[in-house]
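Undergrad: This is what each chain is made of:
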Amino acid sequence: MVKNAIMNINTLKVLVLAAVVLIWQILAYLSVIPHHKIPSPWEALVSIKNLTFVGLPSGYHLLTHILESLFRVFSGFILAVIFAVPLGIFMGWSKLLRELLSPLVEIVRPIPPLAWIPIAIFWFGIGIKSAAFIIFLGSFFPILLSTVSGVLSVDTILIDASRTLGARQKDIYTKILIPGATPSIYTGLRIGMGIAWMTLIAAEFTGVKSGYGLGYMIMVARDIQRPDYIVAGMIIIGIIGYALDGLLRTLERSMLRWR
Amino acid sequence: MSLELEGISKNFYQEDTQTELRVLSDINCTVEDGEFISVIGPSGCGKTTLLRIISGLEQPSTGRMLLKENEIKNPYGQVGLIFQEYALFPWRTVIDNVAFSLEIKNIPKKQRRERARYYLKKFGLDGFEHKYPKELSGGMKQRVAIARTLINDPNLLLMDEPFGALDSQTRNAMQEFLLNIWQETKKTVLFVSHNIDETVFLSKRVLGLSQRPGTIKLELSIDLPYPRVRTSQEFNLYRKQILDYLAQERDTSGST
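Protein chains in written order, with the working numbering: chain A, 1 to 259; chain B, 1001 to 1256.
No false leads were slipped in.
Taking beta-carbon pairs under 7 Å as the criterion, some of the chain A residues facing chain B (in silico):
{"#": "1", "residue": "I157"}
{"#": "2", "residue": "L158"}
{"#": "3", "residue": "D160"}
{"#": "4", "residue": "A161"}
{"#": "5", "residue": "R163"}
{"#": "6", "residue": "L165"}
{"#": "7", "residue": "A167"}
{"#": "8", "residue": "P179"}
{"#": "9", "residue": "W258"}
Simulated crosslink set (SDA-like; lysine to any residue; CA at most 20 Å straight-line):
{"#": "10", "chain 1": "A", "residue 1": "K175", "chain 2": "B", "residue 2": "K1109"}
{"#": "11", "chain 1": "A", "residue 1": "K170", "chain 2": "B", "residue 2": "R1092"}
{"#": "12", "chain 1": "B", "residue 1": "K1109", "chain 2": "A", "residue 2": "D171"}
{"#": "13", "chain 1": "A", "residue 1": "K175", "chain 2": "B", "residue 2": "T1093"}
{"#": "14", "chain 1": "A", "residue 1": "K95", "chain 2": "B", "residue 2": "L1057"}
{"#": "15", "chain 1": "A", "residue 1": "K175", "chain 2": "B", "residue 2": "N1152"}
{"#": "16", "chain 1": "A", "residue 1": "K95", "chain 2": "B", "residue 2": "Y1013"}
{"#": "17", "chain 1": "B", "residue 1": "K1105", "chain 2": "A", "residue 2": "R168"}
{"#": "18", "chain 1": "A", "residue 1": "K175", "chain 2": "B", "residue 2": "K1110"}
{"#": "19", "chain 1": "B", "residue 1": "K1240", "chain 2": "B", "residue 2": "D1251"}
{"#": "20", "chain 1": "A", "residue 1": "K175", "chain 2": "B", "residue 2": "P1108"}
{"#": "21", "chain 1": "B", "residue 1": "K1073", "chain 2": "A", "residue 2": "R168"}
{"#": "22", "chain 1": "B", "residue 1": "K1134", "chain 2": "A", "residue 2": "W258"}
{"#": "23", "chain 1": "B", "residue 1": "K1105", "chain 2": "A", "residue 2": "D171"}
{"#": "24", "chain 1": "A", "residue 1": "K175", "chain 2": "B", "residue 2": "K1134"}
{"#": "25", "chain 1": "A", "residue 1": "K170", "chain 2": "B", "residue 2": "P1075"}
{"#": "26", "chain 1": "A", "residue 1": "K170", "chain 2": "B", "residue 2": "K1105"}
{"#": "27", "chain 1": "B", "residue 1": "K1134", "chain 2": "A", "residue 2": "D155"}
{"#": "28", "chain 1": "B", "residue 1": "K1134", "chain 2": "A", "residue 2": "T156"}
{"#": "29", "chain 1": "B", "residue 1": "K1109", "chain 2": "A", "residue 2": "G166"}
{"#": "30", "chain 1": "B", "residue 1": "K1134", "chain 2": "A", "residue 2": "P183"}
{"#": "31", "chain 1": "B", "residue 1": "K1134", "chain 2": "A", "residue 2": "R259"}
{"#": "32", "chain 1": "A", "residue 1": "K175", "chain 2": "B", "residue 2": "Y1076"}
{"#": "33", "chain 1": "B", "residue 1": "K1131", "chain 2": "A", "residue 2": "R259"}
{"#": "34", "chain 1": "A", "residue 1": "K175", "chain 2": "B", "residue 2": "R1113"}
{"#": "35", "chain 1": "B", "residue 1": "K1134", "chain 2": "A", "residue 2": "T182"}
{"#": "36", "chain 1": "A", "residue 1": "K170", "chain 2": "B", "residue 2": "N1074"}
{"#": "37", "chain 1": "B", "residue 1": "K1122", "chain 2": "B", "residue 2": "Y1132"}
Partner residues aside, some chain B positions facing chain A, computed with beta carbon under 10 Å:
{"#": "38", "residue": "P1075"}
{"#": "39", "residue": "Q1078"}
{"#": "40", "residue": "A1087"}
FYI, nobody ran anything at the bench for these hints, they're computed from the structure. Note that the structure is a prediction, hence the values are computed from the model and not measured. From the three backbone atoms N, C-alpha and C, an ideal C-beta is built for every residue, glycine too.
Modelling step: build the complete structure from the supplied sequences, incorporating the hints.
TA: Set out below in structure tokens:
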């Protein structure tokens, strides 16, 4: 029975994580890891507690930093979904549109979202608008491309079948192409969200108007030379990124039961 | 008369060789109301193309088509088509697959699901309403596909090797199933098959298509009462006629 518990994959996953933390703690304890450069797991935990209740800077609590970052990321992400999915559907369906827009897409896409920061600040000033814009750019392209790919992957026989059953063009868009492309769209959403979250944190380094944001928080921690707060912040960022992806994965699983 | 084809032919332009490939040539035929006609022929003779033209998925290069005495260019929704690969919408449950054509017509959910249930019950698919296609066997999938098509009350039912993907026992059962449906609904059916037994078992008339470019070279009336006995002498005689025709077609072109 014990053997079964150990062999269970979920248990193994937890054990691996626990082992890493343990090794880290031991190395810190033995001062193999320089104390002033990297905190021990315990110190990181204490820092998280402080960030939550005292805040960094003082009075700026962790929860609000988290909410502010989430607000920014969702603003940009949702905008990206609203534009990328319909455009992707049309581009997937129409070869002409695809060929006309491809050069434009392929030129803009490789520009890293962060490279847009200077011009975004120039256009929108520092604040939610420029942040949302950067996030939008980061998530737009993966979602667009995976939507196009999803539409192209819909078996033509399904379109033929729908036609013989009386489907008109708009029915084909809404009842065949979109549902058929959803698996691919979800993949794009997850990739887009991952990029959005990473981009956001980096964008927040350049400054935020409200004084809140996880990326900004880490920068403050660096300014006051507190690596324990930096690492604590990074752990939070990682956990939230994981949770966001988990959210999308759960949504995906419930929507794609038919596969 | 239900369907009339006059001088139908079809060419496809081949990009790679920059030539025209003539797939069908001068197809003329008449199908009476309520008839069950099979089309048989060697591989590549254009059987599927013919069905696609009749269903409106392709346009003929020449010729015209009359459906119930009206010349028709776009018979969407009036001609049902059953595919060998079922073509069920995988993201829709069984009942939503069947009700699809009614949904397109904006018939309210309750009503269209009721009508769908009627067919599901009739076809022995009770209890499978909310399953997804991936959970069904081949025979069940094809029954769902047939229900999905019949619910739309098409004038003409086209079937493109519908039982080709099934094992032979399921296939025989499906043939009997189809026969019952046909006799009950009195639909006009145009059935494409590779399987000679199948065509003799099911059809009033068998049309033989030639090698590409396909043209009708055989027209065989099967004067046996339904249901036919697969093991009878007469059944075998008809089989032989078709086998001989196919062998002849094979020899004249030198291909298998």
